[in-house]
Every structure is written in structure tokens, then in C-alpha cells.
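Peer 1: Each chain is listed here by its residues.
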Amino acid sequence: MSSIKIIKPGLFTTIQDSGRMGFQRYGMPVAGAMDNFSFRIANILVGNDQYEAVLETTFMGPTIEIGFDGFIAITGANMSPKLNGKDIKMWRSIQVNKGDQLTLSGSSEGLRSYIAFGGGLAVPEIMDSKSTYVRGSLGGFKGRKLQEGDEIPIDTSKSKAEPGKYISPGYIPRYSKTNVVRVVLGPQDDHFPSEAIDTFLNSEYNITAEADGMGYRLEGPKLTHIKGPDIISDGIVFGSVQVPGHGSPIVMMADRQTTGGYTKIATVIWADLPTMAQMGPGDSIRFQSVSIEEAQEILEQYEQTIDDIKYRVENSNIIQEETKVYNVTINRL
Amino acid sequence: MYEKAKFLPAGDKALIVEFGDSISPEINKKIRNMYIAIEKSQLEGIIEMVPTYRSLLVSYNPLKIKYNDLCQALREFEDNLTDTDSEPAKVVEIPTIYGGEYGPDIEFVAEHNNISIDEVIEIHSSRNYLIYMLGFTPGFPYLGGMSEKIETPRLKTPRTKIPAGTVGIAGKQTGIYPIDSPGGWQLIGRTPVKLYDPFADPPVLLNSGDYLRFVPIDETEYKSILKQIEENKYEVKITSLDKE
Chain A
2 MSSIKIIKPG LFTTIQDSGR MGFQRYGMPV AGAMDNFSFR IANILVGNDQ
52 YEAVLETTFM GPTIEIGFDG FIAITGANMS PKLNGKDIKM WRSIQVNKGD
102 QLTLSGSSEG LRSYIAFGGG LAVPEIMDSK STYVRGSLGG FKGRKLQEGD
152 EIPIDTSKSK AEPGKYISPG YIPRYSKTNV VRVVLGPQDD HFPSEAIDTF
202 LNSEYNITAE ADGMGYRLEG PKLTHIKGPD IISDGIVFGS VQVPGHGSPI
252 VMMADRQTTG GYTKIATVIW ADLPTMAQMG PGDSIRFQSV SIEEAQEILE
302 QYEQTIDDIK YRVENSNIIQ EETKVYNVTI NRL
Chain B
18 MYEKAKFLPA GDKALIVEFG DSISPEINKK IRNMYIAIEK SQLEGIIEMV
68 PTYRSLLVSY NPLKIKYNDL CQALREFEDN LTDTDSEPAK VVEIPTIYGG
118 EYGPDIEFVA EHNNISIDEV IEIHSSRNYL IYMLGFTPGF PYLGGMSEKI
168 ETPRLKTPRT KIPAGTVGIA GKQTGIYPID SPGGWQLIGR TPVKLYDPFA
218 DPPVLLNSGD YLRFVPIDET EYKSILKQIE ENKYEVKITS LDKE
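Chains as they are written, first to last, in my numbering: chain A, 2 to 334; chain B, 18 to 261.
A hint or two may mislead.
Partial pick of chain B residues on the chain A-facing surface, computed with a CB cut under 10 Å [said to hold, decoys possible]:
{"no.": "1", "residue": "I64"}
{"no.": "2", "residue": "V75"}
{"no.": "3", "residue": "A90"}
Simulated from the structure, these hints should not be mistaken for lab results.
Everything numeric in this text was worked out from a predicted model, so none of it was measured.
Glycine residues also receive a C-beta, built at the ideal position from the N, C-alpha and C atoms.
Start from the sequences and build out the full structure, keeping to the hints where you can.
Peer 2: What follows is the structure, given as C-alpha cells:
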């Protein structure tokens, strides 16, 4: 089978798909790609199933020796990707040949890049997923982040990739260091006095250095509880905003644990999690409350946008720059 | 227990069905019945469910079913819940070697409670423990119902590595470490049985809502079971909970 070889692993590069769903009742964390949008688009651009495993790389990208003739696509944060030293474009399918060297460097905009390979990464599925759960030493490639010398098989025989696939510029998210992130209040918003809810929704919060795949601790005006920060442990989701005794919110991310005993004031809506995932320490957030009905309408638009992109990618073969700008709500407001 | 369950949104793709704000076997039973009712209904759009002490997290696809419709469907299930469980709770037997290198803190637990080591073993292994939920690490069971006669506070300084299978006590709780992990529990024994095996189907031995019982074994049995597990020949003993 064809493969890729890791020459330099970058800061934190792992194999991720949509995560390990269906096993949380056993205490198994979901893991999976942090930026659901970039991850799915990368796959769509190389003709893969949109939930196929990709490489997720954080802050500083890898150098990879390509061991096959085929296609790749790079989405997400801009890490100035180069093929054999020459700049290549993101958000489109790129033809590669055996022996090529792909280099990503530090991210200039956004935090996480995604690299999809036509045919997909051929690592075994564990509990229906190829995602790496690093804390549990499970999944992906040997259950860990990639290291120099790792060779990962690529199933190019399954590739349906074609040259010249791209998405219209209007669909490409622009990453900013300051973002409004929408939340649905609850499940434990009633454990907070109304002043705390007002503070939460009307203040700027900065992402601290304590930010990883499990969660982002934020810094800003402290939030007080009515009867203390602890609850009898219940379920946590991607985007849960929990507030422990120190009063600073923590946004739970892809590698979160399944259950927890802190009050959760709100939950970041699915369509804004890619925005969160591309933000890092020092960046700032303002939370905006939407109703559950609004949130589910926004989710429908989000999925519709991805469907539209998929349709356009599958039904266009003309290599040309599109200049039309579409109004989309993904990743920005 | 609340008269009616509360439905609490957990973002746009999940909600929490909360049955009460305490830890009790009655609430746990209700959660279990609800879990089974939802599973049997094959309601479209349900992705997965996570039972916890006093609630059930339901993940769903809002493109298939919207929040309000789901709440309505769940309310109907709740109103029609019956206690006639078609599947009675199971009791999973956990063979456990107590004391020695396997349970270095058993002496402390005995001293702390002014009883003998044998009494600690007798008390710990003489009842069925309800598995309220699994969490913390894959396969870690939150157990209820330990006797207060063996209650012991956590260690002041946690150990950095506790081997998988170790049985411990922390305050009023007892539990088993499914994977090597750091921890501050008083260690009283170890089971050779694997609570968590990522390559097994299912990957986790225990289910919330079931019970487990510690069965004392000696070192010969411990080694024999360990060997059987290595050879893939060991079968965990599971019995039905006697209906009282």
C-alpha cells in the first residue's frame, strides 16, 4: 500500500475523523477533529467520504514525504503550505507525486490545519473510529501524536480525487483573534444569579495558556454561583461551558471527558465550534445567547452550506478562479 | 426524585433529561427504564445516550428531530414508563485478591475502622454494588452502596501510578481502576479481570444500571484467571439480580 512518511512531526499532529460516537456511556471520550468544518471540506475536496480520517496539526505543521501519486487538500489554519519548496494553495485539491515533500510551517491565521489524502488514511478503526485519543493511547497511529519516521498507509486504490477541485472564496472562513461565539444557555444556567448570566454574555473573555484538546480555560470577569459550583456529575458535550469554583469559564472541546461535576452555564452552538477550534491562547471571545430554536436553524444552514460545497465540488470540473462571494455565516458573523 | 423529569438543553445537538437532584437507586432505575424505552422506540435522530447519576444525556440530530418534538416524545416515554423491566439487572462477579502487594492499604483501612483485615474483606465482598454510571476514564464504574464500616478518607498524596484492576476505597465510595492511572484511593485489592479492553466488543465490561460483586480469591486463583484471560478462555460470571 502507498504511504506517507513523517519527516518532521510539527507541534501536535494526530489522525482524526468525526470521533468515537456511541461509546460515551462506557466513559469513552469522543475525541475527533476539533474543527468540524475544515475537516469535512478537506475530505470533500479530494473526493473522500466527508468523515474520512485526516491529519490534524496544531500551531506548527509537519513536513511529510509523499509516497504515492495522487491528491491532497489542505484546509483550516494557514500554515503556508509548500510542495517541494513552492507555495501551494489551500482549500483545493493538489496533485502530488511520489517523492514530493510537503511542508507546513507556523500558523499565521487560525490554529489548526487539516490535510486530507485522496483514498484516506488506512489505519484501523477502534470503536468505529480512526480518531486518536492521545490521553487514552488509543486509535489513530499507535494511539499517539505523530513522530519523525512514522509511515502511515494511504489507501490510494479507493481514491476518487480529481485535479482542480476548489471551493469558492466566499466559503473560506477568515480567522480572527476576536470572535463572537453563540451559545444556548443551560443546562445549569439556573445555578447562576442573573448578574452572572449578564456578566457572561456582556464581557470579553481571553483564552488562557491552559487550552488544549480537552478544553479552553478563559479569563475575564468571574462568575458567581447561587449554591456553589458543584453538581452531581452529569454528561458533557463538545462546547459545554463549565464554571468551577474559581469562577472562570472552561469551554469543553473534542477530547473532553464524558461526564463532570461542575455547573455548566451554557453550550457553544455546533456551527461556532470551528471558530473556537481555530482560536488559541491570547485570543478573545464574546458570548452571545441564542435560543435553542435559533441554534438548530443555524445548524441547518451550516449543514446546508457543507452540502452546497460538496455539490459544487462534485459537479464542477472547470479549473478557474471563482470570484463570486457568497454570504455564509460559517465561522464569522 | 422530581415529579416530572426536567428537559435541559445541552447545546443544539443534545439535551439532558434530569430525574432528580440526588443519588438514589430509585432515580437510577428510572434512568435505566428511560434508556431502555428510548432504545426500544428506535426514535429517529437519536445518536447516543449517556446515563449518569441522576440524568440521561441524549445526543440527537436536529436535522431529523427538533428540540421541542424530541421533548414531547421523551415526555410520552416518561409517562408510560413501566417497572416491568424485560431485562432484569445483572450482577457481574469480580474475582478480587485482597491485601498484600495487590492491596497495600488494606491494613490502614482496617486500623482506621478498628476492625480486622478479614472483616474488611468480608464487609467489602458481601454485597452487590449498583453501578450508577461509567465515566472519569473508560470503564470506570461509579458504585453505590458501600458499608460505612469500611469508609476511609483518600490518601493525602495521590499515587502517580495505580495498576489497572486495582480495587480501592475513597471515603464512602469503592471502585476499580480500569486502566493504569494516578489516584488517591486507598488500595485494598486487585482483580485480574479486564474492565476495559479497546479491542474487545464491547470494549467495557460493565454497564450502568447493573450491579457488581467482589468475590475474594487467593493468589493461585488470581494467577490462574490471569492466564485464562491471556489465553482468551476466561468468562466473567454474570448472574441475575434476585428480585426481592
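Peer 1: Each hint should be assessed against the structure and marked as holding or not.
Peer 2: Checked hints:
1. I64: This hint holds: I64 of chain B lies near chain A, its Cβ roughly 6 Å from the closest one there, short of 10 Å.
2. V75: Hint on V75 of chain B: holds, closest Cβ of chain A at ~9 Å, below 10 Å.
3. A90: 16 Å, violated
In this structure, the one hint that does not hold is number 3.
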